[in-house]
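Colleague: First to last, the sequence lines map onto chains A and B.
Here the first sequence stands for residues 1 to 460, where the numbers follow the working numbering.
Here the second sequence stands for residues 1 to 428, where the numbers follow the working numbering.
No false leads were slipped in.
A few chain B positions that, by computed beta-carbon distances, are all more than 10 angstroms from chain A:
#	residue
1	A65
2	A79
3	H87
4	K104
5	G138
6	E149
7	K156
8	A277
9	A297
Label pairs and their computed distance ranges (CB to CB):
#	chain 1	residue 1	chain 2	residue 2	range
10	A	A74	B	T318	35 to 45 angstroms
11	A	K70	B	P276	51 to 61 angstroms
12	B	A408	A	P22	58 to 68 angstroms
13	B	G38	A	D277	53 to 63 angstroms
14	A	R261	B	E381	19 to 29 angstroms
15	B	F123	A	L433	37 to 47 angstroms
16	A	K70	B	T318	34 to 44 angstroms
17	A	G236	B	P62	35 to 45 angstroms
18	B	G38	A	P22	50 to 60 angstroms
19	A	K191	B	G38	49 to 59 angstroms
20	B	P260	A	A269	49 to 59 angstroms
21	B	P62	A	K191	20 to 30 angstroms
22	A	N317	B	A200	43 to 53 angstroms
None of these hints come from the bench; they were simulated from the model.
By construction, the Cβ of each residue, glycine as well, lies at the ideal position given by its N, Cα and C atoms.
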Amino acid sequence: MTANPDLAAAIAVTRFGLGARPGEIERARSDPRGFLLAQIRSGGAGQPQPGAPTSGQRLAEFGAYQAERKEAKADGDPKSDPVKMAAKLLRDDTGVDFLARARFAATTDDGFAERWALFWANHFTVSAGKIATATLVGPFEQEAIRPHVFGRFEDLLVASSGHPAMLLYLDQTASVGPDSPLAQRAARGGKSAGLNENLAREIMELHTVGVEAGYSQADVTEFARAMTGWSIGRPGHPEEPQGFMFRPFAHEPGARTIMGRTYAEDGQAQARAVMTDLAASPHTARHLATKIGRHFVSDDPPPALTDRLARAYLASNGRLDAVAKALVNSPEAWSPTAAKFKTPYEFLVSSWRAADTAPDAVQPMAQNMNAMGQKPFSAPSPKGWPEEAAAWCAPDAVIKRMAWSEGFAGGAVAGRDPTMLADNALGARLSPLASRTIARAETRSEGLSILLMSPEFQRR
Amino acid sequence: MTRDLTRRHALMAAAGLGVTVEFLGSRAWADSDGAIAGKKLVVVICRGGLDGLSLSPPVGDPAYAALRGPIAIPSFGEAGGALQLDHTFGLHPAMEATHALALKGQARIAPAVATPDRERSHFEAQDVLESGAAVVYGTSSGWLNRSLEAMGPPGKVKAISVGPTAPLILRGRMEAASWSPGGASQTDHRLPAILQDLYANDPLLGPALASGLATEGMSKVALADAAMSEPTMTPASWPMGGQADAGGAVLRPVLQKGLPQSRKLGATLAGFMTQPAGSQVAAVSIDGFDTHANQGAAEGQLAARLAYLDAFLDGLATGLGPAWSDTVVVVATEFGRTARVNGTKGTDHGTGSTALVLGGGLKRGGIVGDWPTLAQARLFENRDTAPTVDMRGLFKGVLRDHLGVEQAALDGVVFPGSGGVTPVRGLV
Numbered sequence: 001m002t003a004n005p006d007l008a009a010a011i012a013v014t015r016f017g018l019g020a021r022p023g024e025i026e027r028a029r030s031d032p033r034g035f036l037l038a039q040i041r042s043g044g045a046g047q048p049q050p051g052a053p054t055s056g057q058r059l060a061e062f063g064a065y066q067a068e069r070k071e072a073k074a075d076g077d078p079k080s081d082p083v084k085m086a087a088k089l090l091r092d093d094t095g096v097d098f099l100a101r102a103r104f105a106a107t108t109d110d111g112f113a114e115r116w117a118l119f120w121a122n123h124f125t126v127s128a129g130k131i132a133t134a135t136l137v138g139p140f141e142q143e144a145i146r147p148h149v150f151g152r153f154e155d156l157l158v159a160s161s162g163h164p165a166m167l168l169y170l171d172q173t174a175s176v177g178p179d180s181p182l183a184q185r186a187a188r189g190g191k192s193a194g195l196n197e198n199l200a201r202e203i204m205e206l207h208t209v210g211v212e213a214g215y216s217q218a219d220v221t222e223f224a225r226a227m228t229g230w231s232i233g234r235p236g237h238p239e240e241p242q243g244f245m246f247r248p249f250a251h252e253p254g255a256r257t258i259m260g261r262t263y264a265e266d267g268q269a270q271a272r273a274v275m276t277d278l279a280a281s282p283h284t285a286r287h288l289a290t291k292i293g294r295h296f297v298s299d300d301p302p303p304a305l306t307d308r309l310a311r312a313y314l315a316s317n318g319r320l321d322a323v324a325k326a327l328v329n330s331p332e333a334w335s336p337t338a339a340k341f342k343t344p345y346e347f348l349v350s351s352w353r354a355a356d357t358a359p360d361a362v363q364p365m366a367q368n369m370n371a372m373g374q375k376p377f378s379a380p381s382p383k384g385w386p387e388e389a390a391a392w393c394a395p396d397a398v399i400k401r402m403a404w405s406e407g408f409a410g411g412a413v414a415g416r417d418p419t420m421l422a423d424n425a426l427g428a429r430l431s432p433l434a435s436r437t438i439a440r441a442e443t444r445s446e447g448l449s450i451l452l453m454s455p456e457f458q459r460r
Numbered sequence: 001m002t003r004d005l006t007r008r009h010a011l012m013a014a015a016g017l018g019v020t021v022e023f024l025g026s027r028a029w030a031d032s033d034g035a036i037a038g039k040k041l042v043v044v045i046c047r048g049g050l051d052g053l054s055l056s057p058p059v060g061d062p063a064y065a066a067l068r069g070p071i072a073i074p075s076f077g078e079a080g081g082a083l084q085l086d087h088t089f090g091l092h093p094a095m096e097a098t099h100a101l102a103l104k105g106q107a108r109i110a111p112a113v114a115t116p117d118r119e120r121s122h123f124e125a126q127d128v129l130e131s132g133a134a135v136v137y138g139t140s141s142g143w144l145n146r147s148l149e150a151m152g153p154p155g156k157v158k159a160i161s162v163g164p165t166a167p168l169i170l171r172g173r174m175e176a177a178s179w180s181p182g183g184a185s186q187t188d189h190r191l192p193a194i195l196q197d198l199y200a201n202d203p204l205l206g207p208a209l210a211s212g213l214a215t216e217g218m219s220k221v222a223l224a225d226a227a228m229s230e231p232t233m234t235p236a237s238w239p240m241g242g243q244a245d246a247g248g249a250v251l252r253p254v255l256q257k258g259l260p261q262s263r264k265l266g267a268t269l270a271g272f273m274t275q276p277a278g279s280q281v282a283a284v285s286i287d288g289f290d291t292h293a294n295q296g297a298a299e300g301q302l303a304a305r306l307a308y309l310d311a312f313l314d315g316l317a318t319g320l321g322p323a324w325s326d327t328v329v330v331v332a333t334e335f336g337r338t339a340r341v342n343g344t345k346g347t348d349h350g351t352g353s354t355a356l357v358l359g360g361g362l363k364r365g366g367i368v369g370d371w372p373t374l375a376q377a378r379l380f381e382n383r384d385t386a387p388t389v390d391m392r393g394l395f396k397g398v399l400r401d402h403l404g405v406e407q408a409a410l411d412g413v414v415f416p417g418s419g420g421v422t423p424v425r426g427l428v
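Required output: the full structure, derived from the provided sequences and hints.
Modeller: Quick look at the structure:
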């Protein structure tokens with residue numbers, strides 16, 4: 001850890017956390033490391049919306065919408081207003097969830113815990129590209145991610161892989177074993193039903209061992225067969241659970257061999273057993289350690305850090321609180337150089353925190369995020385949002401950030417002294433050049449714009 | 001502040017008035033040498049794994065209809081049938097404008113192309129497609145960026161990417177502009193100058209801001225049509241715009257709104273490329289091609305994305321006007337999809353797919369490369385269209401014959417270690 005306590009406090013709050021609110025760096029100053037360790041709690045990360053609708057409620061709403069749509073179609077009027085209104089309600093739900101999350105990020109005292117939760121939400125990306133998953137992204141983070149981020153990785157993996165949002169997003173719900181009773185019945189009725197390997201592949205490639213593990217197409221197909229039956233209750237069928245449901249008749253019978261290990265036929269538990277082994281793999285430890293280092297420290301994380309985090313993972317049997325503590329205790333993570341370029345969401349959140357404000361409407365926030373390349377809840381692929389500075393620091397994106405800063409600063413500065421806001425936001429990380437430039441600004445609002453666009457504020 | 005501030009102030013003000021172009025244009029074409037002056041290249045990357053068997057359905061292949069079942073494109077002349085190219089191939093019925101170009105000899109298909117990657121991972125395959133390396137993580141810059149280096153000193157041939165983030169294909173040592181609709185017209189002209197001073201020693205933000213400001217100035221000209229200065233991305237700024245719902249059906253009202261926007265995007269890019277000192281090279285990404293479930297046939301999810309692609313190409317070709325005859329457009333994807341329909345009326349990750357080559361100056365000819373057929377014994381791993389053309393060979397052919405890049409540079413630098421991959425001949 002860096003010897004200078006002022007710099008360490010600024011790093012704790014702006015690099016590990018989500019950016020400083022006024023007074024926050026001062027609070028971290030006496031014990032920057034302890035400030036972060038205190039946020040690692042067995043109950044997981046905070047919830048942006050206590051008492052928010054569950055995925056079960058959202059699935060039921062979606063079932064009602066589908067029924068209405070079907071009815072309207074049968075009436076020969078596919079664009080009738082009730083359907084449009086229902087679709088709009090679903091969209092509004094998604095907006096409410098995103099706004100709640102953004103407001104939480106802007107105001108929480110546990111910035112490190114929230115960043116840690118956002119990291120795992122991105123690791124297990126569910127994108128809002130489909131109507132069915134859009135309203136489930138919020139509940140997914142609430143139910144599958146946040147409770148487990150300081151617990152066992154295996155629990156997080158199973159919670160994610162069995163959540164209706166993930167099952168729908170990666171097409172698992174309709175994957176049917178080719179030799180299952182369901183497929184045979186479908187064939188007799190002249191219909192076809194079969195395998196969809198999307199989720200199985202991404203669990204291996206993105207969520208656990210990674211491509212470096214050297215598995216084959218046959219391993220992916222075998223895991224997809226083991227996963228068959230992992231599905232959800234049909235929306236609009238109250239006799240089925242509005243959430244995860246194992247469908248034994250869709251499950252491919254028989255033993256499976258995946259990455260050299262054989263798994264006996266065991267229904268739902270067969271895929272579960274594969275997940276246990278995937279979570280325990282040293283490949284998974286390295287894959288996760290590299291990603292954590294890349295997110296928190298540098299696009300090109302120091303090998304010593306990766307080793308340290310992977311060791312902490314394996315020594316604790318995959319406990320994420322142990323990995324979080326190892327990260328805080330790694331000297332490499334406290335390097336004085338701020339190597340990470342903020343994503344648009346990180347930039348907006350840290351701007352709100354610096355100005356001690358929070359967004360109060362989805363629009364124009366969503367439109368601004370879209371312009372900067374990060375459409376809310378809509379990562380471009382299951383890989384999630386990119387980490388690399390090169391992806392976010394395109395010329396156009398910088399122009400968009402500049403335009404947003406000017407618009408935001410005008411309203412947010414509210415008569416305050418921008419040099420004081422700069423000291424509060426960056427502490428010892430504020431460079432003499434930026435400090436001088438802000439002091440010479442023509443207006444308070446211009447001073448705040450310069451702070452937000454300064455090289456040190458754009459990085460962490 | 002430095003002493004340059006006044007001069008830069010003037011520049012910023014000029015950018016605001018749209019007169020920047022004259023300043024930038026002073027060294028525009030004069031120093032481009034004869035061979036490649038005016039030649040343009042646009043690379044369109046369709047992300048997610050575009051199903052070549054739907055883009056250019058081989059309806060005349062005896063195995064096609066059975067493999068594809070409910071997602072087969074009907075044959076020529078049938079309702080929703082393929083738009084005929086030859087006895088075997090057609091184009092998807094949503095590709096009307098591209099088909100019209102093909103009839104004039106200005107669009108061709110390469111129906112069995114693949115990168116050297118065989119892992120069927122989106123992310124690895126996109127990395128290989130864009131980096132130009134033979135293996136994943138082979139290089140961290142893009143082949144299109146390295147090809148600029150081979151065309152001359154920095155700044156000689158300008159390049160632009162469309163979209164708010166920089167794609168790997170154009171990342172690297174040579175500076176490239178980027179642009180997306182939405183503009184920064186609110187920006188007063190003081191802040192950019194102040195930030196340029198603040199970024200003087202910043203290797204990332206400094207060049208990005210300078211390039212962004214120059215492009216902003218040019219966009220005022222490219223967007224000459226006043227209607228275009230509306231933020232064209234607004235309707236899609238919230239999840240679900242133009243996407244499929246859980247049942248796979250397309251939200252038609254959104255889709256219909258999307259087509260004029262897509263055409264406009266193509267026309268705007270053409271505007272960037274036709275003005276003096278405009279970009280000669282461009283990269284564009286279109287996503288949403290990962291059709292694992294309910295991909296549809298003549299209509300549906302994939303049809304909507306293809307219509308979007310077609311409208312973009314139409315806008316680009318029309319917008320380029322006379323410059324179309326000096327332009328080559330290549331549409332490529334990271335991999336194709338399984339030859340057989342899967343259990344959820346979609347297709348999983350595969351290998352060979354179709355690339356499109358378009359341009360006003362194309363040589364006439366049939367399909368590019370051999371067609372391996374879909375006979376079971378010919379499928380790659382009994383699963384995918386077997387590739388007969390290395391994607392790098394296709395790009396090498398275009399770079400050599402259209403933009404005059406030396407073979408040695410192509411073999412060693414642009415596509416490292418690709419000496420064994422022959423450039424595709426006879427495209428232009």
